[in-house]
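Residue numbers (our numbering), protein chains in the order written: chain A, 172 to 712; chain B, 2 to 434.
Note that these hints are calculated values from the structure, not bench results. This structure is a prediction, so every number in the text was calculated from the model and none was measured. Treat the hints with care, as some may be off.
To be verified - Derived coverage of chain B by chain A (criterion: at least 3 residues anywhere in the stretch with Cβ under 8 Å from a Cβ of chain A; other residues may be distant):
| # | stretch |
| --- | --- |
| 1 | 27-34 |
| 2 | 68-80 |
As the list claims (entries may be wrong) - Straight-line distance between alpha carbons at most 27 Å, and here's what the computed DSS-like set of lysine-lysine pairs gives:
| # | chain 1 | residue 1 | chain 2 | residue 2 |
| --- | --- | --- | --- | --- |
| 3 | B | Lys-178 | B | Lys-246 |
| 4 | B | Lys-178 | B | Lys-253 |
| 5 | A | Lys-576 | B | Lys-111 |
| 6 | B | Lys-175 | A | Lys-574 |
| 7 | B | Lys-171 | B | Lys-158 |
| 8 | B | Lys-171 | B | Lys-111 |
| 9 | A | Lys-201 | A | Lys-234 |
| 10 | B | Lys-247 | B | Lys-185 |
| 11 | A | Lys-577 | B | Lys-107 |
| 12 | B | Lys-107 | A | Lys-576 |
| 13 | B | Lys-127 | B | Lys-175 |
| 14 | A | Lys-574 | B | Lys-107 |
| 15 | B | Lys-113 | A | Lys-576 |
| 16 | A | Lys-574 | B | Lys-113 |
| 17 | B | Lys-174 | B | Lys-185 |
Note that CB positions come from ideal geometry on N, CA and C, so glycine has one too.
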Amino acid sequence: MRTIQTEVLVIGGGATGMGVLADLALRGFKAVLVEKRDLTHGTTGRYHGLLHSGGRYVVKDPKAATECIEENVILRRIMPHCIEDTGGFFVVTPWDDPDFGDTFLQACDDTGVPSEEIDVAVMLREEPNLNAQMQRCFRVPDGSADSFLATQSVAELGRQHGAQVLNYHEVKNLIQDGDKIVGALCHDLVRDEDVTIYADITVNAAGAWAGKIAGTIGIEVNIMPGKGTMIAAAHRVVNTVVNRCKMPADGDIIVPAHTVAIIGTTDERVADPEHFAIEPWEVNLMMEEAAKLVPVWKETRMLRCWGGVRPLYQETKVADTRDVTRAYTLLDHETRDGVTGFITITGGKWTTFRQMAEVTVNRVCEKLGVERPCTTAETPVPNPFGHTGSYHYLGQRLAEVEKEKKFDALICECELVTRADVEHAITKGIAHTLDDVRRDIRLGMGPCQGGFCTYRAAGIWHELRDDPVEVTNVTLRDFLQERWKGLRPILWGQQLKQERLDELIYLSVLNADHLPGETASRLGPAMYEKGSIEDNPKAVT
Amino acid sequence: MTFNIWGAQTDIELMPHRPAEASLDECIKCNICVTACPVTAVTDLFPGPKYEGPQAARFRQGQQETPDYSVDYCSGCRVCNMVCPNGVRIAEMNARARATIVEQDKVPLKHKVRNNLIARPETLGKLGQPVYPISNFLLGSGFGRYFADLFFDIAPKAALPGYASEKFSKWAKKHEKPAQAQRKVVYFHGCSTEYYEPRVGKAAVHVLEANGFEVLIPPQNCCGLPLLSNGEFDAAQKYHESNIKKLIDYVKQGYVIVGTSTSCTLTLKEEAPELLSFYTDDAMLLAGNTFDFNEFLVHLLDAGELRTADLRPIPLTLAYHPPCQYRAHRIGFPALEVLDLIPELTIIKSEAACCGVGGTYGYKAEKYEISMEVGRPLFEFVHEVNGPVAVCDSETCRWHIAGATGVPNVHPVELLAAAYGYEVEGPLADVLR
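Here chain A stands alone, though its shape is the one from the complex (with noise of 0.2 Å):
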């Protein structure tokens, strides 16, 4: 059995863990991040993309828009390349209070996060797809980041300052040593073989499954992992983060994020972070709330519809998991359970992601007896998949074939991803699974959802990975199946339409379902609404 040892080890690998491990390695600790499936895998690779200006929490949580607006204007300077500064808007529509307008501009006033009223004509003057019938406008530095790309981003620092980062390991159980936890028992997935990872300090950033990871040493962590439901609109139909001027409720928020536009999302609490099922009355509730945003949004294809799980935490029960604070929850199991080696960092929201990451370090370093100061605050995050320095925008990618005339070289025509581009993430990347690469450069995430690109990508997979047919092959299928789950919810008009022809060159032409090979891999992902948990075998290991 293979053994590692390290200083710190980290527990998850979305964008809290990420951003201990880069804290960690820049402050000059060894450190190790684990991850059970990809990077992002979890809740960071699922949620509508929103960098909060903290608008959304000035009433209601006033701590976390501080830290929102705090954290925004960090990121912003520090990793640029991630986000998209589209602004966004509070929008008051004609079945909310306009008197709510007033609270929430003092309360933005309070909370530190900047905020004008401008005229409606103004605001459709920008987005003319918004309701013409809003009763008033906000404007507040909302913006929209590629959580995908900023997790990869900031694991590139922590790499380039000695971190190492494995995905595909599974922790088994902590390992306990007395009353101190002295690391981790994992499963490399990818070479079906334990590792044991011992380390001074564990750290737990397992998001929703933090609780689960405790709960291998029996400590009790209290997650409650809510749902949230989200559909994506196959194209920009607004280009503004628009979000309901009221108290947050369900369906309340538009996010342009790349090519799609986001509605999100329902909050409903679930017993299992990876099981749970996308219910018809969440997409219905979805499309009639964004269209009250955007009337035109029922005359639009959606593209695709998936959930994610809120890593909520609160030490005594409540019911509705919306009244939980966002803000983030650091647990020192020292004093709360008399172990030591072992921390815990949960609850909070991407945005808050490196403030968490400062947190805990710092926390870290207490544990062990040294100061060293946090610098992620001033530290640019490089982009292992190109440009630094400024803000994303939508024309990026047409910007960049159409000055390189990369016509012929486009692998995924909806995405604008060319040859070299998945090239360079299945040579240089950490890409185990095609769905792997997708999250490294959006391979197959446009209208057609990989109806196009999925084989030409396999084809250039299989060539460069020399691997044997079949493991090439079930790549190809996982893909397809993970594609397929996030088209079942929304399975009407164009997509339906698209879907039948996607259908027909999988399975009619290719024959991709009596491929040589395994149904489905072990490395397949791992999120499964119910209703196809029976239908896949490997849903249940």
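With the hints as your guide, set chain B onto chain A.
Chain B only, in chain A's frame:
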């Protein structure tokens, strides 16, 4: 209300209009447009309609700096729209994307000047026609074309029309109207008839008069299509608004507009309102009452109102090319039905996608070779048919085909006019003599 074909319909219902870009959602990436696009087939500079239309449109954001460049290689032929099984309005998206390039001043100055020159046939006509011997000499001389290429990147080999010795409208004023016309119709002659080929207009007037119409020829402007296809939307809108002003009262009095230039009529019908998002009541009223010449004749024919007796035989076998802009009217091939009435005339229809000229596209030095390659199958077809003239509804196509093949081109109405006994002018007259 009694309905008749030559009466305008003034109670047109205004439908809600969504911008062309909204149709990008209908694309299922099937690639049919890519396989049909005549431009992408011959050049690597144009990645094809799927890329430029529904795909690139997802990356375009109004207020931002445009990332587009290759979309300027779209010739605007609309073959993609025609073959799309899902109704994606690719050509319109491309035209609007090009307009953004123009609006953001991203066209090199030399081309900007050139485009504004060749996209203004009315201005060129007003300047060049009165001094036609000089203009024709300059345009016909290697010397003049050398400088046109040097200064403006106007392809030296591209076929330019010659100015007429007399403007069509001047002839029309002198022309004696028939005494007892019961019906009236408005004729939109367009710039080509006015300044370059008045013979087409004369034939059209004769055909209408032979069918009992008094032909009204109000003052009119360029339809603005060349400007639209060069992305100069503001200037195009001025022309369109001016045309509406000049024509709308006729429509309101109950007269329809017919035109022999297929691209002019398409512009009045839908290009201008759609591309400019210009959906005023008057614009839509004009759009709903504008007809292509042969479309109008077929309506008359169907109603039993077209003169079909005593047509003189024309014993010729001729190639006919329905221009892509004409197919964009989505009215079938009315010219074939009309020409079929002429005894002994055999028409062989071309199946070529496009002649390549794309209005002003083929006049541009950087696009001339593409336009010739696009038109190659058509040119070969014209040679195969080997008629003394070829037939085509659209003027720039006629000039391009004639330039490339050496076979003179005529408008279908010229053949019908000849069959009615009218003494036609130009290349057809030479053949029939």
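Hints versus structure:
1. 27-34: It holds, with 5 qualifying residues against the three required.
2. 68-80: holds (count 4)
3. Lys-178/B to Lys-246/B: holds (25 Å)
4. Lys-178/B to Lys-253/B: Given pair Lys-178/B, Lys-253/B holds - Cα atoms ~23 Å apart, limit 27 Å.
5. Lys-576/A to Lys-111/B: holds (23 Å)
6. Lys-175/B to Lys-574/A: With Cα atoms ~57 Å apart, Lys-175/B and Lys-574/A exceed 27 Å; violated.
7. Lys-171/B to Lys-158/B: violated (31 Å)
8. Lys-171/B to Lys-111/B: Cα-Cα ~35 Å, so violated.
9. Lys-201/A to Lys-234/A: Measuring from Cα to Cα gives roughly 33 Å; hence the hint is violated.
10. Lys-247/B to Lys-185/B: With a Cα-Cα distance of about 17 Å, the restraint between Lys-247/B and Lys-185/B holds, given a limit of 27 Å.
11. Lys-577/A to Lys-107/B: holds (21 Å)
12. Lys-107/B to Lys-576/A: holds (17 Å)
13. Lys-127/B to Lys-175/B: Roughly 19 Å between the alpha carbons, so the hint for Lys-127/B and Lys-175/B holds.
14. Lys-574/A to Lys-107/B: With Cα atoms ~14 Å apart, Lys-574/A and Lys-107/B stay inside 27 Å; holds.
15. Lys-113/B to Lys-576/A: holds (22 Å)
16. Lys-574/A to Lys-113/B: The hint holds at about 20 Å.
17. Lys-174/B to Lys-185/B: Holds, because 16 Å separates the two Cα atoms, which is no more than 27 Å.
When the structure is compared with the earlier hints, violations turn up for hints 6, 7, 8 and 9 and for no others.
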